[in-house]
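> Take a look at the letters that make up each chain.
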Amino acid sequence: MGYRYEVRLSGSGGQGIIMAGIILAEAAGVHDGKYVCQTQSYGPEARGGASKAEVVISDEEIDYPKAIKPDLLLAMNQKSCDAYFFDLKPEGTLVVDSTFVKQIPTTRAIALPFTQLARAELKKEMVANIVALGALATLTKVVSLASLEAAVLGRVPPGTEELNRKALETGINAAKLYMQGH
Amino acid sequence: MNEQATTGRQVLLQGNEAMVEGALAAGCTFFAGYPITPATEISEVMSVKLPAVGGTFVQMEDEIASMGAIIGASLAGAKSMTATSGPGFSLMQENLGFACVAEVPCVVVNVMRGGPSTGLPTNVSQADVMQARWGTHGDHPIIVLAVSTTKECFDITVKAFNLAEKYRTPVIILSDEVVGHTREKISLPHPGEIEVIDRIRPNMPPEWYVPYEDNSRGVPPMGIFGDGYRYHVTGLVHDVRGFPTQRPDEIVPFLNRIHRKISQHFFDILMVDEELTEDAEILVVAYGSVARSARRAVREARERGVKAGMMQLITLWPFPRQILEPYLSRVKAVLVPELNMGQVSREVKRINQGATRVETINRIDGNLITPEEILVRLIKM
Chain A
12 MGYRYEVRLS GSGGQGIIMA GIILAEAAGV HDGKYVCQTQ SYGPEARGGA SKAEVVISDE
72 EIDYPKAIKP DLLLAMNQKS CDAYFFDLKP EGTLVVDSTF VKQIPTTRAI ALPFTQLARA
132 ELKKEMVANI VALGALATLT KVVSLASLEA AVLGRVPPGT EELNRKALET GINAAKLYMQ
192 GH
Chain B
916 MNEQATTGRQ VLLQGNEAMV EGALAAGCTF FAGYPITPAT EISEVMSVKL PAVGGTFVQM
976 EDEIASMGAI IGASLAGAKS MTATSGPGFS LMQENLGFAC VAEVPCVVVN VMRGGPSTGL
1036 PTNVSQADVM QARWGTHGDH PIIVLAVSTT KECFDITVKA FNLAEKYRTP VIILSDEVVG
1096 HTREKISLPH PGEIEVIDRI RPNMPPEWYV PYEDNSRGVP PMGIFGDGYR YHVTGLVHDV
1156 RGFPTQRPDE IVPFLNRIHR KISQHFFDIL MVDEELTEDA EILVVAYGSV ARSARRAVRE
1216 ARERGVKAGM MQLITLWPFP RQILEPYLSR VKAVLVPELN MGQVSREVKR INQGATRVET
1276 INRIDGNLIT PEEILVRLIK M
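Those protein sequences? They're chains A and B, same order as listed.
Counting the first sequence from 1 gives a position; my numbering is that position plus 11.
Counting the second sequence from 1 gives a position; my numbering is that position plus 915.
Keep in mind that the hints are not guaranteed to be accurate.
Said to hold, decoys possible - Across the chosen pairs, the derived CB separations fall in these ranges:
#1 B:Ile1115 x A:Ile79: 45 to 51 Å
#2 A:Lys135 x B:His1105: 37 to 43 Å
#3 B:Gly969 x A:Ala122: 51 to 57 Å
#4 B:Pro1241 x A:Lys90: 50 to 56 Å
#5 B:Gly1141 x A:Ile79: 53 to 59 Å
#6 A:Glu72 x B:His1105: 41 to 47 Å
#7 A:Lys90 x B:Lys1264: 28 to 34 Å
#8 A:Lys100 x B:Pro966: 42 to 48 Å
#9 A:Asp98 x B:Asp1280: 15 to 21 Å
In case anyone wonders, no lab produced these hints; they're calculated from the structure.
Virtual Cβ for every residue (Gly too), placed ideally from N, Cα, C.
The task is simple: from the sequences and hints, build the whole structure.
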């Protein structure tokens, strides 16, 4: 069977998790030309509680549409980190928003303060999801940065393009600093 | 059915949204419906897209009226559609029977959720398979198709309209919560790449038109309201002129004809998607979202040396007996995983007549069967 890469994005309702999932799927599928399936938590639990979006990326047609064992888990709050960490593939990557995730279950986790960065550098907490996407793409190369930017700009409300471009850049820079060991 | 077209426009769509694209590509110009989870996106997107191409979208007071409206629109010449889920589909049954008997082409989508009654609105299920076949009363012919991917949501919706027009019958599409809400990248074909079929209309002088007269196909040409071909439309059993009859010599040919028009075209209507079935010792029969789990399980089973094969049913009714039967006498066992207590497996057992062993996996907790559940069973079998 071909290449299959599974991403689970999680956090609380209102953090833009599902929008991030759609953008990631669009970047990988429409712009990078891969096969993608995107699913999400649906129903009352999505409001206020734990929100979850999954993206499966493959070079061939995707059979089972949901994540089986995620290769990459983004946890934007403590609750989702606790709930989903043990689903992660053994060599999988855990990325957490250290603004909210204080108890990190593994020494291999990558902790970056997405929400704090959005607040401090962009004065808009709501773009934390875009900051996170920029970091994820840089850390894992799951999608190309050019595709990600195109997908972000294609989905965000008119008039917010500059803000979102800066949010992406903030995430990319944070990831680069992390990779350089800072 | 699974090759990816390389030409068209690449888009990321939910299954529900792809159904709207398919309907528009097939020439749908009228939609009447009442929003219901998990089918709402179909109405929502239709309400924007249909008026934009000069069509009509009506949000009705309920599903009984929705079904009535699409029948009326079709009689007036429009290709029409409605979309709902279990509770609404229950309400549509009476008028669905009317469409069968009056032979009115239309497409009815049921995005299945957990039942019975209002059940589990946000959860996936496949428990309306028998309802789609027998929900409306009386012996009646019906075509029911099941979709499993976003691409199939597009392709099969086009096909559903074509079959409805070709055979003058309602066509039901069974989707489910997982298929309806999963977003996938698909290529939307250019209009010229899609076959679109329109109903045969009468071409004799209007005064010679006999609206329900038999012919070799069993499908009479359909006059549309306002074009001069006046005729009587009724749910009562009628004679060739469309008027109610109680004469046995008119009742029997009428009922036989409406069944024959479907049964004599089985091979045009029956659609399955087979993978690795040629040398299969265990055949997995699945449809809808579960077909995706089954497909993965079959591929993984092969990697472990288990000779499994995948038979995805796209046409559920008429049941693809002619395609399945040859396998039943050849394979060691059949496995039917489904999200109900055994609706398609019951049909497989009925046609099996003891030829092979039929096992089932039935999940009714509102979640999709996983590939692992099927794989574990395949290895045991």
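> CB of B:Ile1115 to CB of A:Ile79, is that within 45 to 51 Å?
Given a distance of about 49 Å, which is inside 45 to 51 Å, the answer is holds.
> Between B:Gly1141 and A:Ile79, does the C-beta distance stay in 53 to 59 Å?
55 Å, holds
> Taking 37 to 43 Å as the hint, is the beta-carbon distance of A:Lys135 and B:His1105 inside that range?
41 Å, holds
> Could you say whether the range 41 to 47 Å given as a hint is met by the Cβ separation of A:Glu72 and B:His1105?
21 Å, violated
> Take a look at whether the Cβ-Cβ distance between B:Pro1241 and A:Lys90 falls inside 50 to 56 Å.
Between B:Pro1241 and A:Lys90, where Cβ atoms are some 53 Å apart, the hint holds.
> Do the Cβ positions of A:Lys100 and B:Pro966 conform to the proposed distance bound of 42 to 48 Å?
47 Å, holds
> May I ask you to test the hint 15 to 21 Å on the CB atoms belonging to A:Asp98 and B:Asp1280?
Check passed, 18 Å falls within 15 to 21 Å.
> Please test the hint of 51 to 57 Å on the beta carbon pair from B:Gly969 and A:Ala122.
Between B:Gly969 and A:Ala122, where Cβ atoms are some 55 Å apart, the hint holds.
> Should the hint that A:Lys90 and B:Lys1264 are 28 to 34 Å apart at their CB atoms be regarded as holding?
45 Å, violated
The structure does not agree with the numbered hints 6 and 7 stated previously, though it agrees with the rest.
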